[in-house]
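Let chain W serve as the given structure and place chain E on it in line with the hints.
These protein sequence lines are chains W and E, in that order.
If you're matching positions, the first sequence starts at -15 in this note's numbering and goes up one per residue.
If you're matching positions, the second sequence starts at -15 in this note's numbering and goes up one per residue.
Any given hint could turn out to be false.
Which copy is meant is left open, because identical chains are indistinguishable; a pair holds if it fits in one copy or across any two.
Unchecked claim - Dumping the calculated SDA-like pairs for lysine to any residue here, alpha-carbon to alpha-carbon at most 25 Å: (1) K124 with E42; (2) K324 with Q98; (3) K324 with D156; (4) K124 with S354; (5) K362 with E42; (6) K324 with L96; (7) K290 with A78; (8) K362 with R133; (9) K324 with R23; (10) K324 with R153; (11) K324 with E90; (12) K324 with L88; (13) K117 with R129; (14) K117 with R133; (15) K324 with G87; (16) K117 with D356; (17) K124 with D356; (18) K117 with Q38; (19) K124 with A353; (20) K324 with D94; (21) K124 with Y137; (22) K324 with Q230; (23) K290 with D356; (24) K290 with N108; (25) K124 with P114; (26) K362 with Y137; (27) K290 with R359; (28) K117 with A128; (29) K117 with A130.
Just so you know, these hints were derived from the structure itself, not from any lab.
Number of protein chains: 2
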Amino acid sequence: MLAVDKQNSDYLYRQVIDLITQNLESGTLRPGDRLPSLRRMSRQIGVSIPTVRQAYVELERQRKVESRPQSGFYVRHRASNPMVNTSPGVRPSAQPVPIGGRGLMERVYDGLHQPGVVPFGIANPCMAKPAAKALHRTMKRVMARAEERSLSYAPTMGEPGLRRQIAYRYLDSLGSGVDPESICITNGGQEALLLALRAVAGPGDVIAVESPTYHGLLELIDSLGMLAIEVETCPEEGVIIDALRQTLDSHPVAACMFSTTLSNPLGVSMPQRDRERLVQLIDERDVVLIEDDVYGDLLYDDARPKPAEFYSRSGNIMTCGSFSKTAAPGYRIGWLLAEKYRDEISRLKRSFSCSSGLLQQLTLAEFLASGDYDRYLKTLRPVLRCNAQRMSAAVARYFPAETRTSQPVGGCVLWLELPASVDSEQLFDEAIAAGISIAPGLIFSPCDRYRNFIRLSYGHPWTDETEDSLRWLGETVAAGA
Amino acid sequence: MLAVDKQNSDYLYRQVIDLITQNLESGTLRPGDRLPSLRRMSRQIGVSIPTVRQAYVELERQRKVESRPQSGFYVRHRASNPMVNTSPGVRPSAQPVPIGGRGLMERVYDGLHQPGVVPFGIANPCMAKPAAKALHRTMKRVMARAEERSLSYAPTMGEPGLRRQIAYRYLDSLGSGVDPESICITNGGQEALLLALRAVAGPGDVIAVESPTYHGLLELIDSLGMLAIEVETCPEEGVIIDALRQTLDSHPVAACMFSTTLSNPLGVSMPQRDRERLVQLIDERDVVLIEDDVYGDLLYDDARPKPAEFYSRSGNIMTCGSFSKTAAPGYRIGWLLAEKYRDEISRLKRSFSCSSGLLQQLTLAEFLASGDYDRYLKTLRPVLRCNAQRMSAAVARYFPAETRTSQPVGGCVLWLELPASVDSEQLFDEAIAAGISIAPGLIFSPCDRYRNFIRLSYGHPWTDETEDSLRWLGETVAAGA
Chain W
-15 MLAVDKQNSD
-5 YLYRQVIDLI
5 TQNLESGTLR
15 PGDRLPSLRR
25 MSRQIGVSIP
35 TVRQAYVELE
45 RQRKVESRPQ
55 SGFYVRHRAS
65 NPMVNTSPGV
75 RPSAQPVPIG
85 GRGLMERVYD
95 GLHQPGVVPF
105 GIANPCMAKP
115 AAKALHRTMK
125 RVMARAEERS
135 LSYAPTMGEP
145 GLRRQIAYRY
155 LDSLGSGVDP
165 ESICITNGGQ
175 EALLLALRAV
185 AGPGDVIAVE
195 SPTYHGLLEL
205 IDSLGMLAIE
215 VETCPEEGVI
225 IDALRQTLDS
235 HPVAACMFST
245 TLSNPLGVSM
255 PQRDRERLVQ
265 LIDERDVVLI
275 EDDVYGDLLY
285 DDARPKPAEF
295 YSRSGNIMTC
305 GSFSKTAAPG
315 YRIGWLLAEK
325 YRDEISRLKR
335 SFSCSSGLLQ
345 QLTLAEFLAS
355 GDYDRYLKTL
365 RPVLRCNAQR
375 MSAAVARYFP
385 AETRTSQPVG
395 GCVLWLELPA
405 SVDSEQLFDE
415 AIAAGISIAP
425 GLIFSPCDRY
435 RNFIRLSYGH
445 PWTDETEDSL
455 RWLGETVAAG
465 A
Chain E
-15 MLAVDKQNSD
-5 YLYRQVIDLI
5 TQNLESGTLR
15 PGDRLPSLRR
25 MSRQIGVSIP
35 TVRQAYVELE
45 RQRKVESRPQ
55 SGFYVRHRAS
65 NPMVNTSPGV
75 RPSAQPVPIG
85 GRGLMERVYD
95 GLHQPGVVPF
105 GIANPCMAKP
115 AAKALHRTMK
125 RVMARAEERS
135 LSYAPTMGEP
145 GLRRQIAYRY
155 LDSLGSGVDP
165 ESICITNGGQ
175 EALLLALRAV
185 AGPGDVIAVE
195 SPTYHGLLEL
205 IDSLGMLAIE
215 VETCPEEGVI
225 IDALRQTLDS
235 HPVAACMFST
245 TLSNPLGVSM
255 PQRDRERLVQ
265 LIDERDVVLI
275 EDDVYGDLLY
285 DDARPKPAEF
295 YSRSGNIMTC
305 GSFSKTAAPG
315 YRIGWLLAEK
325 YRDEISRLKR
335 SFSCSSGLLQ
345 QLTLAEFLAS
355 GDYDRYLKTL
365 RPVLRCNAQR
375 MSAAVARYFP
385 AETRTSQPVG
395 GCVLWLELPA
405 SVDSEQLFDE
415 AIAAGISIAP
425 GLIFSPCDRY
435 RNFIRLSYGH
445 PWTDETEDSL
455 RWLGETVAAG
465 A
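Bound conformation, chain W alone:
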């Protein structure tokens, strides 16, 4: 690299950018290469460290380089092709349907728990050591302090201390108050969905879901004897409000179950204007909205958007949250903002499972109050964002060129559209036999759609095995396509 004259800061800042850009264009710096450290660059061209950092950040904004936590700046890989909105509006054939595909779902879950399998199939962020250590430490403190009480029943709606902490978080991040009394602590987000759905709908009722949607939601709708109707989404913005309006015009929908923030598997977040339109529509039609907000704390960038219920006048909205995606899946602790359905939810919670684990509730209350939870999120989010870029790059490198992917703005899953000829159920079987779990597209729809789609999780630590497994998947897809 050339040395440059000392000049004023702005000029030097441009010099750094030009220097890196030239090296990128000439191929001296290639995808995956590490940029010189701030200190080294500073010394080499006689520019202050803050100026070099400023230049690197600008290059990151231009998507030429990327920062990796505790490591430095790297030349970005070519990213995979993004999905774009090709079929807006409701398909004419959208009808309420019962849920099928039980056999495949069973095989997917069996695969996940095979020992030693590469876990692309489970949408759960890696458990980094800091959280495990901090949680264990906190739990030991709770056991020492609460003694026998920590073994007794929690109140039906949950430990007041944890409900207060959750309410504080909404106040902190959203500036809007939530009454701790309207929060019900549940056995993970899944039970929150169960309670919310059972509270407002019965067998035979029609539930509107995103297409594609979380498979656990479809299983739940099935278990309660209800029907699902798909609502079209746009891969960049989630549910298409006009499509929802058409659905509500044509069918008697009892409830909508959507993820307005970080839908699964798309990983997108609904823009503000659509949130307002959604709530307006819901209020107009007197339909209940159940928000699945379990990934909300894993947005990479922006401030967390307010759950829909903060806009609603009717209050026909419940929001489900969870600590399974951000702290400890094995604790089985989630929550439901039950609001005006509080009494009904309390009755259902009691009759379905009495109450949730007290020791975990006491531990999480302390984990939140101490700031440990937020500190952990601060280290988790950049790791996930970095993994997202790596996975997108690996798809670009190993998968057929016509493969398209979602552009997740948070969470830990990538949604892939493979060449049309690929059968992801068959791919799933081959992958499991090779020790790799994936989530085949079919399980994300009640209508036999997404046969050539798969969902891959990048929530686990990135290793050579991760890279090798992605190469194997890409080559297998290419060979079959």
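For chain E alone, coordinates are given in the frame of chain W:
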């Protein structure tokens, strides 16, 4: 007391018995008095300690005295009047009914969680320190060993180690094998009941229940939109099989939910011959039996009877168990012997709550394997039996003479029939205002029966407050009767 001559052992043994009996008859020893210690008696009358012990045990068999753990032998109190079977057979009016009484149930639960309330209303044994200490120690070991893994999802059906331990226990106590693969770990016994019921029945279906029955079962039937039909019981032997036969003859019953061992609130256990007749009837009519066996480990005396499913040829039986009544209610860990319904139960469990808490499962597996659980049961059972006698004596002492009680052979609750004029809902309100929680009889029936009944728990450590509260209750009942 008189000194006696040294003679042969059998003669001396009779001497001790006669001496105590004379003192009892003369009123020198009165109800509640402690008998001289074995050592003192031995020294005083020149008899060996084993001979004195043998004599005391014979007096206990004659129900003249009672032993209290770690304390000695005491003169028995007069016991309360036992309930007897006054209305065998189905009442002509027995019809399937929806469940009512939500408001009262709500008040009962609210009352339970008021701080400082005397907890006669909750059917849960005291948490003795040894179990809390041992469980905490075990959990710390698990955390140290399993590290991050202990925070991750358990398999849907549960941690294999715990399922094996539960299967071993059936093998040990019953000599009959259970396949660990057919056991599903649940969020307490309540979720086991939910899964079992949902697997075999749907909205509008009729479920046969004991009369009186556990209120949480009635709430569950209500939450699933089903109807309950009561089957008469006999206070000494539980469900009357001929009454059940009449019910099955007259109504399309989808499932029976019974506690064949230690029903709640009666605390009785079905005799062997009735168990066989029950299973035969179930098999004949192709009706499903769901056994609520959560108190089974708390039988005071006899070897644990086999759950009904060990007699069944059809396999139309599921059995629900729990650690909430014997180890840690707050862990929320129970189980379901799902047998031939295994696949359906797995699907339901996944869609309702994904899986149960892993850390608690690992801890209980080790708690069972180490023998700590059985050691704890051995100390818990005699404490509960002793409390049962004390409570029966207190009822005899403080309540109106026409009060009758159940004769529990295990568990931790006493079922009281008060004078016919007593309204237990009103008594509940007065008791809560006085800082005492009780369970009013109405919540144990879907048919507005048992208005003059209450259930009292003796599962908590016996203190002066316990005695005072029972006196208050008895006097209040007497004043209102």
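Tell me, please, which holds for K124 and P114 at an alpha-carbon limit of 25 Å: within, between, both or neither?
Both: 16 Å inside a chain and 17 Å across chains, each within 25 Å.
Which holds for K324 with L88 at a C-alpha limit of 25 Å: within a copy, between copies, both or neither?
between (38 Å within a copy, 20 Å between copies)
What label fits K324 with D94 when the C-alpha limit is 25 Å: within, between, both, or neither?
between (39 Å within a copy, 19 Å between copies)
Homo-oligomer pair classification [R359, K290; C-alpha up to 25 Å]
Within one copy, since 21 Å is at most 25 Å while 52 Å is not.
Using 25 Å as the alpha-carbon threshold, which applies to K117 and R129: within, between, both, or neither?
Cα proximity of K117 and R129: in one copy and across copies (19 Å, 12 Å).
Homo-oligomer pair classification [Y137, K362; C-alpha up to 25 Å]
between (33 Å within a copy, 23 Å between copies)
When no copy is specified for K124 and S354, does a C-alpha distance of 25 Å or less occur within a copy, between copies, both, or neither?
both (15 Å within a copy, 21 Å between copies)
Check K324 against Q98 for me: Cα-Cα at most 25 Å, and say if that holds within a copy, between copies, both or neither.
The answer is between: 23 Å across copies meets 25 Å, while 43 Å in one copy does not.
How do K324 and E90 come out at 25 Å by Cα distance, when the copy is not named: within, between, both, or neither?
between (36 Å within a copy, 17 Å between copies)
Using 25 Å as the alpha carbon limit, work out where K362 and R133 are close: within a copy, between copies, both or neither.
between (33 Å within a copy, 22 Å between copies)
Measure nothing new, just compare the shortest in-copy and cross-copy C-alpha distances for K362 and E42 to 25 Å and report within, between, both or neither.
within (22 Å within a copy, 70 Å between copies)
Using 25 Å as the alpha carbon limit, work out where K324 and Q230 are close: within a copy, between copies, both or neither.
neither (27 Å within a copy, 44 Å between copies)
Consistency note: the structure conflicts with the earlier hints numbered 1, 7, 9, 18 and 22.
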